[in-house]
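Sequences listed follow chains A and B, in order.
Our numbering puts the first residue of the first sequence at 374, with every later residue one more than the last.
Our numbering puts the first residue of the second sequence at 820, with every later residue one more than the last.
Please keep in mind that the hints were generated in silico from the structure rather than gathered at the bench.
Any given hint could turn out to be false.
[Claimed, not checked] Listed below are the simulated DSBU-like cross-link pairs for lysine-lysine, each with C-alpha atoms no more than 30 Å apart in a straight line:
id, chain 1, residue 1, chain 2, residue 2
1, B, 917, B, 889
2, B, 917, A, 451
3, B, 917, A, 435
4, B, 917, A, 384
[Stated by the list, open to error] Chain A stretches covered by chain B per the calculated footprint, using a threshold of three residues with CB under 8 Å from any CB of chain B:
id, region
5, 396 to 402
6, 414 to 421
[As the list claims (entries may be wrong)] A few chain B residues facing chain A, derived, Cβ under 10 Å:
id, residue
7, 846
8, 859
9, 887
10, 909
11, 916
12, 918
Remember, predicted model here, so these are calculated numbers, not experimental data.
Every residue gets a Cβ at the ideal spot worked out from N, C-alpha and C, and that includes glycine.
Here's the letter readout for the chains.
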Amino acid sequence: DARVTQTPRHKVTEMGQEVTMRCQPILGHNTVFWYRQTMMQGLELLAYFRNRAPLDDSGMPKDRFSAEMPDATLATLKIQPSEPRDSAVYFCASGPLYTQYFGPGTRLTVL
Amino acid sequence: GQQLNQSPQSMFIQEGEDVSMNCTSSSIFNTWLWYKQDPGEGPVLLIALYKAGELTSNGRLTAQFGITRKDSFLNISASIPSDVGIYFCAGSTSGTYKYIFGTGTRLKVLA
């Protein structure tokens, strides 16, 4: 049963620190998404890739967030420097053309 | 960010009852997805719809792609306690892999 994996599952850090979240998409899926979920905003799309190329990162604060896919088996989301308002659950999802399968998420707390 | 309107926001039902929820948008969508999210987990894909008027079932769940392409419906028949969770719809417009997520319907089942 293929699944999207994310690490770490939980991260507590202090304001100003760098945070890196990792995602392994399902093998063969060539579209990868990063979402952020909060109670107030719900699920927000941050960025997505198609065949490892970034297609849209308009949902990300550009000054502190960056998303990359160094290879087909790894996607990363980096926040530098982190701020308390970044506290949220970050989900990675992958899919073939028009569906998405979510990972379990990384719960980030920035103190 | 932009969100779809889901209705109802929450509902309590008795075990064994049927459940209906819907999602509406001001935009025309080409694809609708329905997800269920349990606490502490990522959303799990339930049903994908690709064509206006399409009716698709997954066990006790049935979803329909509205004929106007601006809405979608999810029905759960004979609810059981494990149906508890938050149900999200997501829609995508033509020519994009981006999905907009609904605000969610929180379902609580009384045994």
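Here's how the hints hold up against the structure:
1. Proposed proximity of residue 917/B and residue 889/B is supported: the alpha carbons are some 16 Å apart, at most 30 Å.
2. At most 30 Å may separate the alpha-carbon atoms for a hinted pair to count; residue 917/B and residue 451/A meet this at roughly 21 Å.
3. A threshold of 30 Å between alpha carbons decides the hint, and for residue 917/B with residue 435/A the separation of about 19 Å falls inside it, so the pair holds.
4. Under the criterion of a C-alpha separation no larger than 30 Å, the hint pairing residue 917/B with residue 384/A is consistent with the structure, at around 27 Å.
5. Interface restraint, the region 396 to 402 of chain A with chain B: violated (0 residues with C-beta to C-beta distance below 8 Å; minimum three).
6. Residues of the region 414 to 421 of chain A lying with their CB closer than 8 Å to a CB of chain B number 6, which satisfies the three-residue condition for coverage.
7. A cut of 10 Å between beta carbons decides the hint on residue 846/B: the least distance to chain A is about 15 Å, and the hint is violated.
8. Proximity of residue 859/B to chain A holds as hinted, the smallest CB-CB distance being about 8 Å (cut-off 10 Å).
9. Using the Cβ-Cβ criterion of 10 Å, the hint placing residue 887/B at the interface with chain A is not satisfied: the shortest such distance is roughly 20 Å.
10. Here the hint on residue 909/B is kept, as its CB sits about 8 Å from the closest CB of chain A, short of 10 Å.
11. Checking residue 916/B against chain A by beta carbon gives a least distance of about 5 Å; that is within 10 Å, so the hint holds.
12. Here the hint on residue 918/B is kept, as its CB sits about 7 Å from the closest CB of chain A, short of 10 Å.
The structure shown violates the earlier hints numbered 5, 7, 9.
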